[in-house]
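K.L.:
Residue numbers (the working numbering), protein chains in the order written: chain A, 5 to 882; chain B, 126 to 239.
Treat the hints with care, since some could be wrong.
Covered stretches of chain B, going by a simulated chain A footprint (3 or more residues, C-beta under 8 Å) [stated by the list, open to error]: (1) 147-155; (2) 176-189; (3) 211-220.
Pulled from the structure, derived: some chain A residues nowhere near chain B, Cβ distances all over 12 Å [as the list claims (entries may be wrong)]: (4) ALA53; (5) SER71; (6) VAL454; (7) ASP729.
What the hints contain is simulated information worked out from the structure, not anything from laboratory work. Glycine is no exception: its CB is placed at the ideal position from the N, C-alpha and C atoms.
Each chain is listed here by its residues.
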Amino acid sequence: MTRGPEMEGEDREQAAIDDEVRFHLEGRVEELMAAGLAEEAARRKALEAFGDVERVRAELLAIDAASERRTRRREFLHGFLRDVRIGARRLRRSPAYTVVAVLTLMLGIGASVAMFTVLNAVVLRPLPYPGSERLVRIWPAENFNIALSREMATGLPSVAAATGISRWGLTLTGEGQAAVLTAGVVDVAYFDVFGVRPALGRVFTEEETEPSRSDVVLLAYGLWQTRFGGDPGVIGRRLAFSGYGHATREVIGVMPEGHNLQGDPADIWVPFSLVSGTPFASDSSWYVAEVVGRLTAGSTVERTSQEVRSLAVRLKSASPSRFDDETVAAASAISFLDSVVGDVRRLLWTLLAAVGLVLLIACGNLANLLLARTAGRRRELAVQAAMGASRGRLVRQQLAESTIIAVSGGALGVLLARVLLLVVGVAEVSGLPRTGDLALDGRILAFSFVVSLASLLLFGLLPALRAAREELRQDLTSGSRGAGLVHGAHRLNRLLVAAQIAMATVLTTGAGLMIGSFLRLKSVDAGVDASDVLAIQVQPPADRYSGQTYVQFYEDVTERLRQLPGVTGVGAIHLLPFTSGNWSFPYLAEGQAADPNVQLPSANFRMIMPGYFDAVDQPLISGRDIAASDGAALPAVMLINATFARTLWPDGSPVGRVIRLFGSMPHRVIGVVGDVHQRSLDRAPLPEMYVPAVQWSRGGAQMELVIEAPRADALAAAARDVITDLGPDVPIAKVRSLSSALGDSLARRRFIMQVLVAFGCLALLLGGVGVYGVMSHLVGARLPDFGVRMALGASSSDVMRGALSSGFTPALAGVAIGLGSAAFASRLLRAVLFGMEPVNLPTYALVVVILLAVAALASWLPAQRAARADPLSVLRSD
Amino acid sequence: MTHIEARTLYGTLNLLLLRTLEGGELHGLDIRRRIAELAGDALKIEEGALYPALHRLERDGLVESAWGVSERKRRAKFYRLTVKGRRRLKREMASWKEHVRAVARVVLGPGEAL
């Protein structure tokens with residue numbers, strides 16, 4: 005049998021095995037013959053002693069194949085490690101290239117990882133409850149009453165358990181400093197729905213939902229630790245938690261660490277309290293904020309949604325006046341996670357896509373750098389190829405070098421992301437849900453790894469394959485710097501530049517649209533003058549401040565605040581503009597007929613104290629403001645906003661007309677005030693009514709004091725003193741300026757804008773660097789050409805024009821492609837754009853100017869070098 | 126003596142092979158002869174089983190092989206211990222001796238010796 009280099013793998017192994025076995029058998033036969041056996045007998049005996057030759061051969065082949073694979077892997081790894089060592093040495097020799105490449109990648113990967121961390125926290129991470137994927141939010145409308153939420157909880161076959169959830173401010177007194185606590189008001193099923201058991205004590209019982217028995221409370225772990233020092237003896241104690249129907253409550257348990265509501269956390273949990281058997285039509289507790297249920301095994305959200313809809317139809321036919329068609333149409337169920345995440349899911353994916361573009365631009369730069377570097381090493385590579393280095397080996401060498409850059413860029417990028425997130429403080433500035441915990445987790449690490457690997461393939465593979473092109477061998481003979489093959493590389497350079505500029509254009513357009521929207525939003529007239537207004541939320545305990553004492557307290561406080569130096573206005577309102585709470589009440593306006601089969605329309609409802617409109621500079625359009633004379637004694641009065649006035653009486657004056665709250669409580673309209681954007685600037689003002697607090701006997705509200713003064717912030721301490729002086733047992737929940745409340749309401753938009761602007765700037769920077777790099781390289785490569793032209797009489801401006809065009813043309817193409825893509829991509833931003841369409845010509849025009857300016861600058865600098873080309877020196881250089 | 130199948134002696138066979146190679150490099154035929162000479166008929170090993178065992182040892186990096194020329198001027202594959210194989214042999218010998226002593230103590234009882 006012959007063995008030659010042409011034999012491959014398995015054949016060669018097979019041959020070696022055959023040789024070895026034959027050597028054994030022949031040797032044995034010789035031995036046995038030497039011992040005196042005849043050849044035939046010796047042969048038989050040798051075979052017999054050997055056993056089944058075929059089986060042994062097969063076994064050997066299997067063993068060798070496995071070990072061959074192993075060896076090959078080991079050799080590859082060794083080879084790769086050797087290449088990495090060589091690569092590291094080579095990178096050390098060109099520190100400028102290395103630093104620029106690693107930093108570029110670090111920026112791209114860092115921004116991507118930071119963005120992904122936010123997306124992961126908000127969208128991908130499951131909610132922190134066992135089996136949280138089976139939680140659904142039912143009928144995502146607000147303002148259920150308790151009875152209705154219970155109907156929903158029991159009337160849906162696919163829902164195993166459901167609970168209403170609401171938040172209520174309760175005041176804790178008698179345990180040191182009075183404090184306003186957020187109570188999670190829930191049904192008994194809450195604990196089954198969220199799969200939580202108390203760490204200590206027990207949960208509510210069914211009997212404890214009766215108003216007479218509902219004076220029980222569970223403490224949050226945090227409150228138990230900070231306020232009660234983690235003392236288990238707190239169970240069974242009766243504490244002064246005033247509000248929501250009781251002055252004191254018995255502590256029956258402590259919730260486990262780490263469990264809480266989504267959004268604003270609760271300090272305590274109390275049961276919804278309603279006389280059992282109350283039909284929902286006569287339940288006046290319209291404050292169940294949401295109903296959350298747990299699906300039975302095998303149910304889907306879609307099925308629950310259908311059940312909710314048919315239940316709503318049933319309830320409407322049973323009690324038409326309590327439901328309108330809109331409510332029935334809106335009846336549905338969505339996954340609880342979706343309801344918590346809200347509408348930001350798509351937005352965050354859009355931002356991730358945007359940062360992906362930044363990373364692509366960064367990879368484009370690296371690819372360009374690498375192409376230039378490869379071009380510089382062409383002779384070296386050609387020598388290696390000529391000396392027999394395989395194409396695979398050349399690719400591997402290139403990739404090894406790139407791997408070092410990708411790994412260090414990736415690692416530094418992750419680090420940069422951590423620093424960025426730490427510095428930015430996403431939870432505080434973004435207004436996004438679930439951003440409190442941005443810890444590194446497996447998903448983020450996996451993402452970082454994949455992104456680094458993808459970058460490596462993107463920027464490393466193409467130049468590596470080019471480097472290994474067989475034509476390189478010709479370079480050895482041609483010897484010229486400007487060899488013809490370079491043109492292929494240059495075409496690639498230009499393509500990359502065009503792509504980079506296109507992506508930068510898309511990002512800059514997105515950023516421009518967001519800036520434009522934000523500026524427009526900022527210029528919206530809020531309806532009040534938020535500057536120089538301090539807002540203080542105080543919560544007088546309901547058991548000691550009820551009815552007239554409650555109003556009296558506010559009157560005393562406002563009176564005293566008015567006397568503070570510099571104060572120009574003082575008032576109070578129970579729901580400050582630009583915050584999320586809302587009260588909305590049904591009404592029947594003068595001239596409207598009550599139809600028992602149709603639900604009454606609703607309008608926003610606010611209680612105020614005299615002086616409020618002055619303090620926030622909300623203009624009085626007609627009629628008069630409320631005054632001290634509008635006392636508890638009737639007639640009841642109200643002011644309405646301009647939108648409400650326009651809605652109700654488009655032609656006549658509203659002053660003097662009567663609006664009946666809930667269809668029964670008459671209030672005479674005494675004036676019309678200007679509109680305020682209650683929630684945030686991007687939502688149109690809604691119809692709103694303002695009633696003097698003194699005339700509102702139903703209670704249940706906590707008022708927010710507003711103080712107008714130049715440099716109102718400086719008054720905070722003095723105002724606190726006044727309040728504590730008049731009501732030592734009245735906790736102060738919140739002190740902030742009205743302008744900061746306004747700012748907070750814009751937080752999410754501002755965050756998105758800032759993120760996109762940051763990405764846009766990064767894209768411009770990287771894109772500019774990309775154009776500059778490629779231009780420098782192109783000009784460098786064509787210097788002899790320019791020299792010849794100048795030697796032939798071309799002027800330096802001719803040469804410069806030629807050089808400029810070679811860099812500028814791809815940039816121009818990039819801008820054109822980018823604009824087209826931007827028109828398409830910016831639709832993704834439609835939900836967060838304000839007052840402008842995704843295709844906004846002035847913005848696009850500005851983007852074009854900026855991009856072209858960057859491209860021009862980046863091309864001009866290297867082009868100057870071309871213009872200075874000295875004909876003689878370039879001609880001599882080769 | 127009971128006839129023992131080579132296969133049930135797999136572990137022992139490995140030890141034998143390593144031990145045989147301790148003195149220097151040998152080809153398969155030599156290895157067979159060395160074992161046969163030392164053990165006589167007490168250990169009857171199917172000759173064909175030697176090679177898979179050797180190849181496995183090679184796969185595991187305990188022995189390495191090279192083609193060379195035998196004393197009769199034939200092309201033969203020679204095996205020798207690697208550093209790793211030598212270390213392994215030392216360890217296996219120690220544990221084998223331990224094992225034999227333990228068995229001997231039980232089988233022979235106190236006072237008797239091998």
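K.L.:
Work down the list of hints and note, for each, if the structure agrees.
P.N.:
Each hint tested on the structure:
With 3 residues having a Cβ less than 8 Å from any Cβ of chain A, the segment 147-155 of chain B passes the three-residue criterion, so the hint holds. Coverage of the segment 176-189 of chain B by chain A holds. Counting CB-CB distances below 8 Å, 6 residues qualify, and the rule asks for three or more. Against chain A, the segment 211-220 of chain B contributes 0 residues with a C-beta closer than 8 Å to a partner C-beta. That does not satisfy the three-residue criterion, and the hint is violated. For ALA53 (chain A), the shortest C-beta to C-beta distance to chain B comes to about 5 Å, within the 12 Å cut-off, and the non-interface label is violated.
With a minimum CB-CB distance of about 4 Å to chain B, SER71 (chain A) fails to clear the 12 Å threshold, and the non-interface call is violated. Distance to chain B confirms VAL454 (chain A) as a non-interface residue, since its nearest Cβ pair spans about 34 Å, more than 12 Å. Annotated as non-interface, ASP729 (chain A) keeps its C-beta farther than 12 Å from every C-beta of chain B; the closest such distance is 86 Å.
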